[in-house]
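Novice: Protein chains in written order, with this note's numbering: chain Y, 26 to 556; chain E, 444 to 597.
Take the hints with a grain of salt, since some may be wrong.
List time: in silico DMTMM-like cross-link candidates among lysine to aspartate or glutamate, alpha-carbon distance up to 25 Å [unchecked claim]:
(1) Y:K176 with E:D469
(2) E:K494 with Y:E177
(3) E:K514 with Y:D98
(4) Y:K246 with E:D469
(5) Y:K197 with E:D544
(6) E:K568 with Y:D91
(7) Y:K306 with E:E520
(8) E:K494 with Y:D91
(9) Y:K246 with Y:E436
(10) Y:K550 with E:D469
(11) Y:K212 with E:D541
(12) Y:K246 with E:D503
(13) Y:K550 with E:D544
(14) Y:K340 with E:D469
Calculated directly from the structure, the hints in this document are not laboratory data.
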Amino acid sequence: MRETYDAIIVGAGHNGLTLGAYLARSGLDTVVLERRHEEGGGLATEELTLSGFLHNVHANYHTFVDLAPPVRDLEIRRHGAEYVRPEVQMASVFDDGTALTIHDDLDRTVESMARFDEEDAETFRRLYIEAHGYVDLLLGTLMYQPPMSVKELTRALASFGVEDRSEFLSVKLRRESIDQFLDQHFKHPKIKAHLAFHAGICGYTTDVKGLAIGFPLLVGKIDNWHLCVGGSHRVAHALWRDLAQHGGTLISDAEVDHIVVDGNRAVGVRLSDGTELTARKLVASTVDVEQTFLRFLNPGDVPPELAERVRTAVKHKDWTLFSVHLAMTAPPAYEAASFDPDVDRAWVVNLGYGSPADLDEDWRLVRRGLLPEPHPNAAVNTLYDPTDAPAGRFTGLLRQFAPFVLAEGGEGEWDSIARWYGERCIRAWRRYAPNITDDVILDWVPYTPLEIARKIVNMVGGDWMMGEISLDNMLDQRPLPELSQYRTPIDALYLAGSTQHPHGFITFGPAYNALQVIADDLGLKPWWRRV
Amino acid sequence: MADVYTEEWFQAVRAAINAKVASLRDVPTASILIAVDIAGDAVSPYVEAGKERHFLVQIDDGHCSWYREGKPDETQELSFRFLGPAAAFDEVAAGLLDPIDAALRGTIRVRGDMRFLMRQADHVKALLDAYRTIETTWPRGGPPYLFEHEPLDA
């Protein structure tokens, strides 16, 4: 192992790899260090059940792939990552045997909704068309740029007269919940239930005040979900290839013990095996701020008030995900297919949330550390990616909104109840798809919130978003106002992980935005299209 | 009166911007380079279908220093990029399509730092207004196109 690099990046999740690849292409001698045995972080695909069955352990859903500049700049497709956009994106099946389906075609989605309520369906059409327009504007000018404040954003809505031009956007949304937004614009509980469920999939809790401001954007991406062929890890591999082809280095099993600071400047890292690496130009951390400031840095290197705020003011999600990964001989055949046959082709299915109130009840239980009666969502990737399972076989993924710390027994209790709760989730699926019998299930494994935190240690408390999604933890408030612009109080130490704007998910945004700041600081001449 | 997308028209746009900006109390003290990438859409006669034309606008301390046709990806030192179908840009120039509406509807796509757009909203509005006040002539036929073709945001 060489000992000196221009840039040292801590963490080889998609943000670490992305930043590494850009810097390597910029001519910097770059190393990306990964604690685990492989790169990718949340982009992990493993044969969790049986040989030949590829399960996305964390990130399964990819959105706005073609709006993310790194997909183009780093030639991710040329490096082997291929995406499909399922024709039937998502669905909800309800207790009365009906189903609602979301298609990659707006007219078909509206048709499905109109079976429940024609007026709501037309409202959805207008909302989608409106949101689809400004999704592009906001992603193009907000997501892939360092963040501004919510106040500035809402002031801008006023100064450009956006409220007058929009049926759905309004400054008052910053005081309202998604539930309130739905109640103001829609009538039918099942249509509202599906839209609320989709918000949950996006990480938005539907009863939290202020999140209504983001809801139109969520509608704008309701049919923009993509699946990575061969497993999400292909994206990580593509990024690694780009890094390697441009002279960058990835070192796995390289646990950082310490960020070395000299005179308030980050000058390198020390690994847990004692190896010291020197950074000529920068160190970038893509892991959680708690590790970065409270573990990797000496207390004397961190301003005490910052250390205190990292300890007490960094906000994490108050719910996480319990998963069940399955290997199966058949895809689900939903009873609701007699109502809407397309439900059997839906990639992701909401099992039984029939109104926003159902979801709200689960949020309340989860906040108290209680386990909800399972209403998991079920994804069958094989429907759109037959390469993820042996011929004629299928993978399944159930995900249930769940607490990290259980009221009885704490987080450690997950190890004891994982199989029991997993069986309940499977039974919940079987209620709507009776063919998912024990004979059809070749094998299954639970994957608990505790395992999320164990495997990906920067997902603190199973926080797969690496930070709460709330009005006071977005844009320039994320993860703390003083850390929101990717720089830190320590010279040459940057933050480039999902703790930063925009947020978690596979957006590449934190790394891309940190890159702009680093490029400005180092005087790098951008070879990439900055706008 | 200037033919659209000619040197004379660029100068007219420049003069209109500078006249508008002169009345503003507050203008940004920065150099801003804007790219306008116009895609041929088989509707506008000014850009061949399937081809693109590229324009660059340099704004210094709020004023337009120059406006000219450029080459694709001529420079990466851009502050903003506007992209869209030629008919949309023609209709904005003709005062028939509101540019803010066009951006909100995704007809014209905007890339760049929203912080600047937000903080300099009055200046941005002045630039957009100026663009629409030019007396433009349309030697190959001009907008409105919307009435003869599918709506642009369809």
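Novice: Hint by hint, say whether it matches the structure.
Specialist: Tested hints:
1. Y:K176 with E:D469: Distance ~20 Å between K176 of chain Y and D469 of chain E Cα, so the pair holds.
2. E:K494 with Y:E177: violated, 38 Å
3. E:K514 with Y:D98: holds, 19 Å
4. Y:K246 with E:D469: violated, 37 Å
5. Y:K197 with E:D544: holds, 21 Å
6. E:K568 with Y:D91: Answer violated: K568 of chain E to D91 of chain Y is near 29 Å, above 25 Å.
7. Y:K306 with E:E520: OK: K306 of chain Y and E520 of chain E at ~23 Å, within 25 Å.
8. E:K494 with Y:D91: holds, 21 Å
9. Y:K246 with Y:E436: Answer violated: K246 of chain Y to E436 of chain Y is near 33 Å, above 25 Å.
10. Y:K550 with E:D469: violated, 30 Å
11. Y:K212 with E:D541: violated, 33 Å
12. Y:K246 with E:D503: violated, 37 Å
13. Y:K550 with E:D544: Judged against 25 Å, a Cα distance of about 34 Å means the pair is violated.
14. Y:K340 with E:D469: Outside the cut-off at roughly 38 Å; violated.
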